[in-house]
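Those sequence lines, one after another, are chains A and B. Counting in the working numbering, the first sequence runs from 93 upward without gaps. Counting in the working numbering, the second sequence runs from 5 upward without gaps.
Fair warning: there could be bad hints in the mix.
[Unchecked claim] Computed list of lysine-lysine pairs in DSSO-like fashion (alpha-carbon distance at most 27 Å, straight line): (1) A:Lys102 x B:Lys86; (2) B:Lys202 x A:Lys131; (3) A:Lys194 x B:Lys13; (4) B:Lys61 x B:Lys86; (5) A:Lys401 x B:Lys13; (6) A:Lys193 x B:Lys193; (7) B:Lys60 x B:Lys87; (8) A:Lys302 x A:Lys375; (9) A:Lys194 x B:Lys184; (10) A:Lys187 x B:Lys79; (11) A:Lys348 x B:Lys204; (12) A:Lys328 x A:Lys375; (13) A:Lys131 x A:Lys194; (14) A:Lys189 x B:Lys14; (15) B:Lys14 x A:Lys182; (16) A:Lys182 x A:Lys194; (17) A:Lys302 x B:Lys193; (18) A:Lys302 x B:Lys87; (19) A:Lys102 x A:Lys328; (20) A:Lys189 x B:Lys79; (21) A:Lys348 x A:Lys193; (22) B:Lys87 x B:Lys193; (23) B:Lys60 x A:Lys302.
[As the list claims (entries may be wrong)] DEER-style ranges, computed between Cβ atoms: (24) A:Gln240 x B:Gln16: 45 to 55 Å; (25) B:Arg155 x A:Ile403: 12 to 22 Å; (26) A:Arg385 x B:Glu236: 33 to 43 Å; (27) B:Ser147 x A:Asp354: 43 to 53 Å; (28) B:Phe120 x A:Glu392: 15 to 25 Å; (29) B:Thr7 x A:Ser156: 55 to 65 Å; (30) A:Pro322 x B:Leu56: 33 to 43 Å; (31) B:Ser150 x A:Asp354: 34 to 44 Å; (32) A:Arg372 x B:Pro71: 41 to 51 Å; (33) B:Thr69 x A:Ile195: 21 to 31 Å; (34) B:Gly142 x A:Ile195: 34 to 44 Å; (35) B:Leu104 x A:Glu402: 42 to 52 Å.
[To be verified] According to the in silico footprint, chain B covers these stretches of chain A (three or more CB under 8 Å from chain B): (36) 103 to 116; (37) 167 to 180.
Source of the hints: derived by calculation from the structure; they are not laboratory data. Model, not experiment: these values are computed from the prediction. C-beta atoms are modelled at their ideal positions from N, C-alpha and C, and glycine is treated no differently.
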Amino acid sequence: MRNINAYVVKTLSSREYIAPGHRACAGCGEVLAMRQVQKALGRNVIVASATGCMEIVSSPFPFSSWEVPWIHVAFENAAAVAGGIEAALKVLQRKGKIEGKKIFVAAMAGDGGTADIGLQALSGALERGHNFLFICYDNEAYMNTGVQRSSSTPFGASTMTSPVGSAQIGQLTWKKNMMAIAAAHGIPYLATASPSYPMDLSEKVAKAAKTEGPAYVHVLSVCPSGWGIPSDATVKFGRLAVETGFFPLYEIEEGKYRITVDVEELLPLEMYLKPQGRFRHLKPELIEQISRRVRAEWRELNRKAEEQKEIEERE
Amino acid sequence: MVTVIINGKKYQAEEGRKLLQVALDNGIEIPHLCYHENLSSYGGCRLCLVELAGRKKSSLVTSCTLPVSEGLEVKTDTPQVKKARRLVMEMILPQAPDSLRIRVLARELGVSAVSFPSEGDGCIRCGLCVRACEELVGAGAISFASRGSARTVEPPFAEEPESCIGCGTCVVICPTDCIKMEERDDERKIIRWKRTLKMKSCVRCGRPFLPLAMVDVITRRSTSPPPGERLELCPDCR
Numbered sequence: 093m094r095n096i097n098a099y100v101v102k103t104l105s106s107r108e109y110i111a112p113g114h115r116a117c118a119g120c121g122e123v124l125a126m127r128q129v130q131k132a133l134g135r136n137v138i139v140a141s142a143t144g145c146m147e148i149v150s151s152p153f154p155f156s157s158w159e160v161p162w163i164h165v166a167f168e169n170a171a172a173v174a175g176g177i178e179a180a181l182k183v184l185q186r187k188g189k190i191e192g193k194k195i196f197v198a199a200m201a202g203d204g205g206t207a208d209i210g211l212q213a214l215s216g217a218l219e220r221g222h223n224f225l226f227i228c229y230d231n232e233a234y235m236n237t238g239v240q241r242s243s244s245t246p247f248g249a250s251t252m253t254s255p256v257g258s259a260q261i262g263q264l265t266w267k268k269n270m271m272a273i274a275a276a277h278g279i280p281y282l283a284t285a286s287p288s289y290p291m292d293l294s295e296k297v298a299k300a301a302k303t304e305g306p307a308y309v310h311v312l313s314v315c316p317s318g319w320g321i322p323s324d325a326t327v328k329f330g331r332l333a334v335e336t337g338f339f340p341l342y343e344i345e346e347g348k349y350r351i352t353v354d355v356e357e358l359l360p361l362e363m364y365l366k367p368q369g370r371f372r373h374l375k376p377e378l379i380e381q382i383s384r385r386v387r388a389e390w391r392e393l394n395r396k397a398e399e400q401k402e403i404e405e406r407e
Numbered sequence: 005m006v007t008v009i010i011n012g013k014k015y016q017a018e019e020g021r022k023l024l025q026v027a028l029d030n031g032i033e034i035p036h037l038c039y040h041e042n043l044s045s046y047g048g049c050r051l052c053l054v055e056l057a058g059r060k061k062s063s064l065v066t067s068c069t070l071p072v073s074e075g076l077e078v079k080t081d082t083p084q085v086k087k088a089r090r091l092v093m094e095m096i097l098p099q100a101p102d103s104l105r106i107r108v109l110a111r112e113l114g115v116s117a118v119s120f121p122s123e124g125d126g127c128i129r130c131g132l133c134v135r136a137c138e139e140l141v142g143a144g145a146i147s148f149a150s151r152g153s154a155r156t157v158e159p160p161f162a163e164e165p166e167s168c169i170g171c172g173t174c175v176v177i178c179p180t181d182c183i184k185m186e187e188r189d190d191e192r193k194i195i196r197w198k199r200t201l202k203m204k205s206c207v208r209c210g211r212p213f214l215p216l217a218m219v220d221v222i223t224r225r226s227t228s229p230p231p232g233e234r235l236e237l238c239p240d241c242r
């Protein structure tokens, strides 16, 4: 599904659920992802959105970009609120107040609202097994407050709170593996997605919405302002992240791994890192070190997917 | 705007919209297979049947072809509707016994045992691919052929369709996934239509990325600005 384009996207919904006029930066990959996600979810959805870029840009008082019911909650509890909405819907349905309607609940948060501040609420909601979808828009730092590091910031990235200087080379820790954390809860559906692959993304979101029980979708949202790239290169860097193996696109369905956008030969990681302002300072040996880790993780992911294929073939 | 009554509740809708779309917009589930919001209505799968209320004799109509008008009243969940949908599903299921989506839908409608012989190749004659090829792509490479039980979807004369540009829209839109696409080296194959297309390779990285036939069509159709260099490079190199 890597090379289908042009006419195939016409099969996506022609309706818009995110109105234009929001305050996102030029070339924002996150609002692009949000638009595609909403197209896949449709109109019958209630969204609980944690504090973050998307809350700031889509709801400056007294305006709103949302054409679906939307609740802004605190930074840490998007998943908990979504769980509450889902429970309330169940009760209302049991009492016959909203009979015959299928209403879906989605929680949305940035990487800070998912991996740092919202982690315990997310873990709780996944463990309780609410029928909802959690979407993490990962732009790899706290962008709306001016690029501070989060636990999702990749190794070596320069941010305001992990600066480059004589003492350190930017972020000193590796990116938190949120997919593995969410998968450890044994939930039925997880996927990574990128708005640079719109068909792949909408297929995954639609699948997640159909899943009974909790689902988690991790979306890489390229951030031109925070990453130091030109605003017309958003889609390109989304694709480069996949092609270099930095952010592989895969799904885990009932514990079964499947790589959805297969890359036969990974591109050199320099192509992705070097043009970005936040990685500009990296020396070749450091890029080599990151590259080794990225390739090891890619091999590990491939091994899991291959194992799955073998099991299926044997059956 | 007009007011329609679905299952006893009033809803506002734009006049002339199809009832199925109005229902879906308001969260009322009606099963359907041959309807797509970006395509014209066809009324082929017959699953979206609803009952027109307020008449002496109740009648079933397909909601995907029913334009809404002031005061229209329908019921989507009566025993008669359910019975009709079950019968329709009993006829669809043998045509696509391997499709997961059809099997799930059949289970939801309460169809398990099938009284018709199972001899399908996955195609349920919903015509989505035919309409998508005509209306979304503008190629018109496939159409219905033959009549009655021999009806199939085929390229003209069941030969390799020259007008197919290999865009893959039919592959994505097919509800039963019976249209398969394969890519090997610089060739793309759409297996069901027996179409083999040469791919254009990116001038920078050398990887094939777009069928040559599609490049021709895009070049011909784009007037301003001309595609120029954009079609020389693959999406990763642009």
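Can the restraint linking A:Lys102 and B:Lys86 be considered satisfied, given a maximum Cα separation of 27 Å?
violated (33 Å)
Going straight from one Cα to the other, do B:Lys60 and B:Lys87 come out at no more than 27 Å?
Holds, at about 20 Å.
Are the Cα positions of A:Lys401 and B:Lys13 separated by 27 Å at most?
violated (49 Å)
Take the C-alpha atoms of A:Lys189 and B:Lys79, compute the straight-line distance between them, and say whether it is at most 27 Å.
holds (18 Å)
For a C-alpha distance cap of 27 Å, please report whether B:Lys60 and A:Lys302 respect it.
Roughly 39 Å separates the two Cα atoms, so the pair is violated.
Taking the beta carbons of B:Arg155 and A:Ile403, is their distance inside 12 to 22 Å?
violated (39 Å)
Does B:Lys61 pair with B:Lys86 here, judged by a C-alpha cut-off of 27 Å?
holds (17 Å)
Does the Cβ pair A:Arg385, B:Glu236 satisfy 33 to 43 Å?
Given about 35 Å between the Cβ atoms, the range holds.
Per the coverage rule (Cβ-Cβ under 8 Å, at least three residues), is the segment 103 to 116 of chain A covered by chain B?
holds (count 4)
Just to be sure I understand the hint, the distance between the Cβ atoms of B:Gly142 and A:Ile195 should be within 34 to 44 Å; is that true here?
Cβ of B:Gly142 to Cβ of A:Ile195: about 37 Å, so the range 34 to 44 Å holds.
Distance restraint evaluation - A:Gln240, B:Gln16, Cβ atoms, bounds 45 to 55 Å
holds (46 Å)
Given the hinted pair A:Lys302 and B:Lys193, is their Cα-Cα distance within 27 Å?
violated (31 Å)
When held up to the earlier numbered hints, the structure conflicts with 1, 2, 5, 6, 8, 9, 11, 17, 21, 22, 23, 25, 27, 28, 29, 30, 32, 35 and 37 and fits the remainder.
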